[in-house]
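Student: Single-letter residue listing:
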Amino acid sequence: MSDTTVKLTDAQIRRRMLAEFWFYFSRNRGAVIGLCVFVTLVLMAIFADLIVPHDPTLQYRGMEKLPPVWEAGGNPDFWLGTDAVGRDMLSRLIKGSQYSMFIGVVVVSIALLGGVVIGLVAGFFGGWVDVLIMRVMDVILAFPSLLLALVLVAILGPGLTNAMIAIAIVYQPHFARLTRAAVMSELKRDYVSAARVSGAGNIRLMFRTILPNCLGPLIVQATLSFSSAVLDAAALGFLGMGARPPAAEWGTMLAEAREFILSHWWIVTFPGLAILISVLAINLMGDGLRDALDPKLKRS
Amino acid sequence: MFRFILSRLLYLVPTFFGITLVTFTFPRLLKGDPVLLMAGERGVSPERHAELTAQLGLDKNIVVQYFDFIGRLFQGDFGNSLVTKKPVLSEFLTLFPATVELGLVAILIAILVGVPIGVLAAIKRGSWFDQVSMSAALVGFSMPIFWWGLLLIIFFSGTLGWTPVSGRISLMYFFPDVTGFMLIDSLISGQKGAFLSTVHHLILPSVVLATIPLAVIARQTRSAMLEVLGEDYVRTARAKGMPARRVIGVHALRNAMIPVVTTIGLQIGVLLAGAILTETIFSWPGIGKWMIESISRRDYPSVQSGLLLMAGIVMLVNLLVDLTYGLINPRIRK
Chain A
1 MSDTTVKLTD AQIRRRMLAE FWFYFSRNRG AVIGLCVFVT LVLMAIFADL IVPHDPTLQY
61 RGMEKLPPVW EAGGNPDFWL GTDAVGRDML SRLIKGSQYS MFIGVVVVSI ALLGGVVIGL
121 VAGFFGGWVD VLIMRVMDVI LAFPSLLLAL VLVAILGPGL TNAMIAIAIV YQPHFARLTR
181 AAVMSELKRD YVSAARVSGA GNIRLMFRTI LPNCLGPLIV QATLSFSSAV LDAAALGFLG
241 MGARPPAAEW GTMLAEAREF ILSHWWIVTF PGLAILISVL AINLMGDGLR DALDPKLKRS
Chain B
1 MFRFILSRLL YLVPTFFGIT LVTFTFPRLL KGDPVLLMAG ERGVSPERHA ELTAQLGLDK
61 NIVVQYFDFI GRLFQGDFGN SLVTKKPVLS EFLTLFPATV ELGLVAILIA ILVGVPIGVL
121 AAIKRGSWFD QVSMSAALVG FSMPIFWWGL LLIIFFSGTL GWTPVSGRIS LMYFFPDVTG
181 FMLIDSLISG QKGAFLSTVH HLILPSVVLA TIPLAVIARQ TRSAMLEVLG EDYVRTARAK
241 GMPARRVIGV HALRNAMIPV VTTIGLQIGV LLAGAILTET IFSWPGIGKW MIESISRRDY
301 PSVQSGLLLM AGIVMLVNLL VDLTYGLINP RIRK
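Going line by line, the protein sequences match chains A and B. What the first sequence shows, in my numbering, is residues 1 to 300, in sequence order. What the second sequence shows, in my numbering, is residues 1 to 334, in sequence order.
Errors might be hidden in some of the hints.
[Unchecked claim] Stretch-level coverage of chain A by chain B, calculated; a stretch enters the list once three of its residues show a Cβ under 8 Å from a Cβ in chain B: (1) 9 to 19; (2) 130 to 140; (3) 144 to 151; (4) 188 to 197; (5) 230 to 242; (6) 255 to 262.
In short, the hints are calculated from the structure, not lab data. Cβ atoms here follow ideal geometry from the backbone N, Cα and C, with glycine treated the same way.
Turn these sequences into a full structure, and let the hints guide you.
Tutor: Written as structure tokens, this is what we have:
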């Protein structure tokens, strides 16, 4: 055994952690595919306005319900056909990625921020604060999530912003519970006592000392919530409680297309496929993240 | 065991009051005067307004109003629907069997298909069956079920013409409502073809509703089985020369089922949320569709009570899951 130890700088440690993370993540082929699709979706969302072949809200008279280009009667100007009022399907789908990514980011940010603060407070202070907070979380979790989101939207009024707020409220107990559990197990560790003894205040202990060590499960939960948020927002849109027409949100597009299910399959098929592909990609990524961030799985 | 049950029951009390507080507060958060909302477009005279306010108890202190609300709940009074004027509880109970029937068939499909798939995938870890079934499970888990329902309608009802698009039974049949469960009532009625028609109507909605729970159960069963198969007692059983069927069926599966039972219990909330979408797509006359209609018709007493009753059901099912968990895993009881 050698007695020599190598002192690494913070940047080096971070680089090594990242390399280790990538080593485990990239062993999962599905996760890498998911990541590629997700990055494509993000790029599509960012550059949507530049890459759409047509204005997604423009209605072409006389071009209504055109089939995709490979079907008889398809028009090469409209690759994936047009919808009931003559809008280009492909452009609307591309624009829809913007809505979905935006919804995912906003919902996860609100739920994560709220849940982490609540969970930290509950886990750190314990006692009646913990009991009170966790009972409130239990109450939120007792309601079926989509139903609670629907009722919250009924209170706040239909629309995309309110739908996002409602979904975020419904999701934050998951983050709160996870953070609380992680904090409670970390609190017993020596490094926390050491920080406390050296004079760190509560806020510093919570956010600088403990929180960075609870990030693993939170990242995995954030990924899963991202995909659920895309699904739930689409469901609310489908039920007429999310984004309002003529927004090119995928769920809202499906709601508008319902009456054509037996006559014009493409108007119904493509928006749903877009939802499925994005949710699937994010879930694949989530599986890979869990494998890479869970130390128990790493050993097996 | 008695202490365990008692502690679980006590644990429910604050949650129950929390749920009632949320449902009590909900209509009070809505913008606008509840009496005017109730009156709708016709409006009311000031005298009638005062009378209705007093009748609804809205002129009382908010704390008194809350305890009145709780008192009425314990007497089974959930208020009247603004649209039909009938008691909300009786409307809920009339529609509830339709949702239960759909949900039970869905969860049965999910368990009967999901558990064997999970077990097989675990036994044949790494095989093509494992890879295909787990990929399919991930697709199922990611499925927007409202779209999945529409796709199945396009294919099975539109292209093949095998299944009806909506409803619980063909209009050709008429029989008294005995249990509220169409499968049972149609059998009792003895009418030729009635049962088959019910099955035809039930199959697509229940498959759609089963999709996500099935995927979750298959994934959970696989990972629980994998964990158990690596345990020492399984190796011992194998080393003793016990037949593989018995090792897997008795030793492994029974222990792997503990987390799976919890997962199945947790799917009840998923099922109720899924019922809202499934019932809307298939025009299934259950509480999911009723809730959506109540929300869009601004029938707030119905929404309020529906919310309370559904949360109550989730709470009770969670209690049952907890108790079952304690029953099959004695360590939990301590």
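Student: Does each hint hold? Answer for all of them.
Tutor: Hints, one by one, checked against the model:
Here the region 9 to 19 of chain A counts 0 residues with a CB under 8 Å from a CB of chain B, which misses the bar of 3, and the coverage is violated. With a cut-off of 8 Å between beta carbons, the region 130 to 140 of chain A has 4 residues touching chain B; three or more are needed, and the interface restraint holds. Restraint check on the region 144 to 151 of chain A versus chain B: 7 residues with Cβ-Cβ distances below 8 Å, three needed, restraint holds. Residues of the region 188 to 197 of chain A with a Cβ under 8 Å from some Cβ of chain B number 0, which does not satisfy the need for three, so the listed coverage is violated.
For a cut-off of 8 Å, the count of residues in the region 230 to 242 of chain A with a CB near a CB of chain B stands at 7, and the three-residue condition holds. Restraint check on the region 255 to 262 of chain A versus chain B: 3 residues with Cβ-Cβ distances below 8 Å, three needed, restraint holds.
Violated hints, in rising order: 1 and 4; the structure is consistent with all others.
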